[in-house]
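S.K.: Read off the chains here:
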Amino acid sequence: MVDVRSGIGEALPPPEVEDVELYHPHSWWTRYVFSQDAKIIAIQYATTAIAIGMVALVLSWLMRLQLGFPGTFDFIDADAYYQFITMHGMIMVIYLLTALFLGGFGNYLIPLMVGARDMVFPYANMLSYWIYLLAVLVLVASFFAPGGPTGAGWTLYPPQAVLSGTPGGKDWGIILMLSSLIIFIIGFTMGGLNYVVTVLQGRARGMTLMRLPLTVWGIFTATVMALLAFPALFVACVMMLFDRLLGTSFFMPAIVEMGEQLQHGGGSPILFQHLFWFFGHPEVYIVALPAFGIVSDLISTHARKNIFGYRMMVWAIVIIGGLSFIVWAHHMYVSGMNPYFGFFFATTTLIIAVPTAIKVYNWVLTLWRGNIHLTLPMLFALGFIVTFVNGGLTGLFLGNVVVDVPLSDTMFVVAHFHMVMGVAPIMVIFGAIYHWYPKITGRMLNEALGQIHFWVTFIGAYLIFFPMHYVGLVGVPRRYYELGEMAFVQESVHTLNAFISVMALIVGAAQIVFLFNLVWSLRRGREAGGNPWRATTLEWQTPETPPPHGNWGKDLPVVYRWAYDYSVPGAPEDFIPQNQPTPSRVGHEAVS
Amino acid sequence: MAVVVILVLLAAGSVLFHLLSPWWWTPIASNWNYIDNTIVITFWITGIAFTAVVLFMAYCVLRFRYRPGRTAAYEPENKKLEGWLATSTTLGVAAMLAPGLFVWNQYITVPQDASEVEVIGAQWLWSFRLPGADGRLGTSETRDITPENTLGLNRNDAASLDDLIIEGGELHLPIGKPVKMLLRSVDVLHDFYVPEFRAKMDMVPGMVTYFWLTPTRTGTFEILCAELCGVGHPQMRGTVVVDTEEDYQAWLAEQQSFSQLSASSETSPAATVAAAAAQ
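As you go down the protein sequences, you meet chains A and B in turn.
Here the first sequence is numbered in my numbering, starting from 1007 and rising by one per residue.
Here the second sequence is numbered in my numbering, starting from 9 and rising by one per residue.
Bear in mind the hints are in silico, worked out from the structure with no lab data behind them.
Just so it is clear, the structure is predicted and the values come from calculations on it, not from any experiment.
Note that beta-carbon positions come from the ideal geometry of N, C-alpha and C, so glycine has one too.
Hints are supplied without guarantee of correctness; some may be wrong.
[Said to hold, decoys possible] For the chain B half of the interface with chain A, some residues (derived, Cβ under 7 Å), not all of them: (1) 31; (2) 54; (3) 62; (4) 63; (5) 66; (6) 70; (7) 76; (8) 77; (9) 78; (10) 105; (11) 115; (12) 118; (13) 122; (14) 195; (15) 214; (16) 237.
[To be verified] Now the stretches of chain A that chain B is said to cover, found in silico as 3 or more residues with beta-carbon under 8 Å: (17) 1197-1209; (18) 1331-1342; (19) 1496-1507.
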C-alpha cells in the first residue's frame, strides 16, 4: 500500500553534476525586463496572456450581444461578428490558455517544484517570452490593419480563409494571423525545450520521476505533446501563406469564386483539416493536462490527503497524452473524409474516456475521508470537477461518430468545448493563482473578493453553457451571425439566447473583481509567510518568499519522499515536506 | 454548507432542466431515428454518471469538511477499487460505442436501389441536379463552369444533357424511397444540413461527398448551411419538399433539362449542343 513512497530512508545518490553558477543580472533592465530568471519570465508570460485574454473577453461580450439581441447594435455587422468569434477563439486557445499554462505556470513552477535553481537554458527561455510577445503584437496589429482581422473562424479552414467572401481573406487579416501563429510556435519551441530538459535533467537529488508532483507531470507531458503537435500547425500555416501570397495550391482545388475562375487547382482543403486537427486535438490536452496536474495538487493540499492512486494518475496523464495523437479526425466526421475512418476514430476517442474517467474518480476519492478546507483554491477545484465532468461527458456524444452527425456544427459543440476546455481549465487557472499568489508576491489574495469571484464565475458559467447544449439539440447551427426565421426554432430559443447573453455579461464583469484583487492584494493583502497552505512540495520550502534569483540560497534542496505525505499516521503535523529527511521520528520525539 | 446545497441544486437542477426543457430536437422526417435513439441512450448513461459524481462530491464536502481535530485518512492506493471503477467505466463506454458503430455502418452503407440527387453549393446559393430519363448523372468539372453553365456540366457527355437542373429553387424528394445525396461545392466548404433529416455532410470543392436517407414524412423543410462559408453563411438557405409519389412526378415533369436550358440561353451556341446530342 505504501510502495509509492518507497525509498524513504534509503541512501541518497551522490550529486551527478556540480551546482552551476547562474547568470547574474547587473542592471534593472536585465533583472526585470530582459530577465533570464524563469520566475520573472513566468510573470511576463502570465501578464501578457491575461492582458490579451481580456481582449478575448470583450470580444465574447460583443458576440453575445449580437446573438442575444440581434439587430440591436449597429456596429456589429456580419464582418465584425465573424472577426470577433475568430479572434476570441484563437486568443483563448493559443495566446491565453497555452501561453498561461506552459509559459506562465510552467516557468514559475517547474524549477521550483523539481528543486532547480532555474531553467536549464535561461537565455533561450528569455527569447521565448519576447518572441511570444511579438506574436501577440502581430495578432493585435491585425485589428488595425486594412480590412481588419480574419473572420475565417478559429479553425481557419481554406479555401474560405483566403478568399474574398471572408473578412480579411484578401486583406491583411489572414496573413497577420498565420504569421502570428508561426512566430508563436517558434517562441514556444524555445520555451518548450527548456521545460522538458529541465524536468529531465534539472531535478534535485532524490527527486525521482515518481516523486514529481502531478503539476509537473501534467506540464511536462503537455509540453512534450506541444513540441510534437505544433509543427503540424506550423507547416499548415506556411502552406496556407504560400497559397495566399504566392498562388500555390496546397489546399486550393479548382475554384469558381463569385462566377470567376481562379488560377488554383489540385489542392486539398481536407489536407489542411488533417494537419490542423493533428495539432488541434492534442492542443485540447496541452491545455487540459496541466490543468489535470495542477488541480490534483490543489485537491490534495486543501483536503490534507494524499492524491488517490498517484501512479495511476501519472500513467493516465501519459496514456491520455499518447492517445490524443490518434483521435484528431473526430473533429472531421462530417468533413467528407473517407467514412470508414469513423470506426477507428470513434473507437480511439471513446477509449480515451477511460483514463480520463479514472482521473475524475481519483480526484473525488481524494476528497473521500479527507479533511476538506473550503479555501478558494479548493472551491475552484470543485468547480473544475463539475464543469470538466459535464463537458467531458458531452464529449461522449460528439466522439461517438453517428451521434455527432446531427450535433456537429451546432451550438451543442460550442457548449461542449467551452465547458470542457474553456470553463474547466480556467477554473484551474483561477484556483492556481489563488494558491500560488502568496508564493509569488508574499501576500494572500483577498478572501471576500475571491468568494464573490468564484460564485459568480462558477454558477454563471454553468448557466451559460449548460442550457446552450439544448440550443444545439434543437438544431441551431453555430457561427450564425443571425438566426433569422427558422421554422424548427421555437420563439423561446431566442429568449434563452438573451438569458445566456446576460449571464455572459455578468460573468465577464466578475473578472474585473478578480483583476482588482490581483492588484489590490499586492500591497494590501495579508502577509502570507513561506508556506501558508502547509503544503509538502518544494516551492513552499524556499528559504525566502518570494523566492529570490537562484531560488534556494546556498544549498540545493534534497528530496526524501513523494509529494503527497499529508496526514501521515504518527506524524506530528498533517504534512511532511518533500525535503524533510526521516518521516516522523524527529517530530515524534519532540512531541513525546 | 452553502457548497453542499449548491452542488446538490446544480445536479438536481440539471436533471430537471433536461426533463422539463421545451428545447428538444425537431420531429424527425427520415429513417435516422436510430441516431435519435443512440443520443437518448447516451443521455441516460452520461446523466447518471454526472449526477453520481456531483452528488458524491457534495456528500464528501458535507461529511469530510474541515473541523478542528479531524485528520484525513492515509490511503495512497486501492488496487481493487481502481480496477473495479476502470472496468465499469469501460463497460459503460462500450455500451455507447457499440450501438454507435452499428448505426454508423448503416449510415455509410448506401442501399443498392437508392436514387441519386446532386446538391451543389456556391457562395451563397443551393442548386440541385437530378438524373434525366437515363437515370444517370452526367460528369461535371469546376473548370467547365461558365456564366451559361453555372454547374460545370460536361457538354460532351450524353448523360449530362438530360439532367434536370434546379438553380436556387426548391428540391423535391419522394417519400419512402432511399436517396443518395451527392454533394459538390464550386468555391468553399459548405454543409448540407436539414435538421429534420438528422444527416449532414460537408461539401468540399474538388471532390464529391455523400450521405443517404429515406424521407419518412411529407412536408417542407429548411436547408441550412452548417459549415462556415463566409459572411453570407447564415443567409444560405434552401427548401426541400418531401412529396407523395404523384406530387413528386408532377413536379419532376415541370423541371428543365440541361439541354433545354442551354437552348433557351441566348449566348449558348445551339450548334454545340446539337452536335453533342448527336454523338
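S.K.: Could you run down the list of hints and mark each one as holding or not?
M.R.: Results of checking the hints against the structure:
Contact between residue 31 (chain B) and chain A, as hinted, is supported at the beta carbon level, the nearest pair being about 4 Å apart and thus within 7 Å. Interface restraint check: residue 54 (chain B) against chain A, minimum CB-CB distance 4 Å, threshold 7 Å, status holds. Contact between residue 62 (chain B) and chain A, as hinted, is supported at the beta carbon level, the nearest pair being about 6 Å apart and thus within 7 Å. Hint on residue 63 (chain B) is violated. Least Cβ distance to chain A is approximately 10 Å, over the 7 Å limit.
Checking residue 66 (chain B) against chain A: minimum C-beta separation of about 9 Å lies over 7 Å; hint violated. With a least beta-carbon distance of about 10 Å to chain A, the hint placing residue 70 (chain B) at the interface is violated under the 7 Å criterion. For residue 76 (chain B), the interface hint is violated, the least distance from its beta-carbon to any beta-carbon of chain A being 10 Å, above 7 Å. A hinted interface residue such as residue 77 (chain B) counts as satisfied when its beta carbon comes closer than 7 Å to some beta carbon of chain A; here the least separation is about 10 Å, so the hint is violated.
Hint status for residue 78 (chain B) relative to chain A: holds, with the closest Cβ pair at about 5 Å, below 7 Å. The interface hint given for residue 105 (chain B) is met, as the beta carbon of that residue sits about 5 Å from the closest beta carbon of chain A, less than 7 Å. Because the smallest distance between the Cβ of residue 115 (chain B) and any Cβ of chain A comes to about 6 Å, under 7 Å, the interface hint for this residue holds. With a cut of 7 Å, the hint placing residue 118 (chain B) at the interface with chain A is violated, because the nearest CB-to-CB distance is about 10 Å.
Against a cut-off of 7 Å between C-beta atoms, the interface hint on residue 122 (chain B) is violated, since the closest Cβ of chain A lies about 15 Å away. About 5 Å separates the beta-carbon of residue 195 (chain B) from the nearest beta-carbon of chain A, less than 7 Å, and the hint is met. Interface hint at residue 214 (chain B): satisfied, since its Cβ lies 3 Å from the closest Cβ of chain A, which is below the 7 Å cut-off. Checking residue 237 (chain B) against chain A: minimum C-beta separation of about 6 Å stays under 7 Å; hint holds.
Judged by the Cβ-Cβ criterion of 8 Å, the stretch 1197-1209 of chain A is not covered by chain B as claimed, because only 0 of its residues qualify and three are needed. Counting residues of the stretch 1331-1342 of chain A whose C-beta lies closer than 8 Å to any C-beta of chain B gives 3; at least three are required, and the coverage claim holds. Evaluation of the coverage hint for the stretch 1496-1507 of chain A: fulfilled, as 4 residues show C-beta separations to chain B shorter than 8 Å, against a requirement of three.
Taken one by one, the earlier hints fail for this structure at numbers 4, 5, 6, 7, 8, 12, 13, 17, listed in ascending order.
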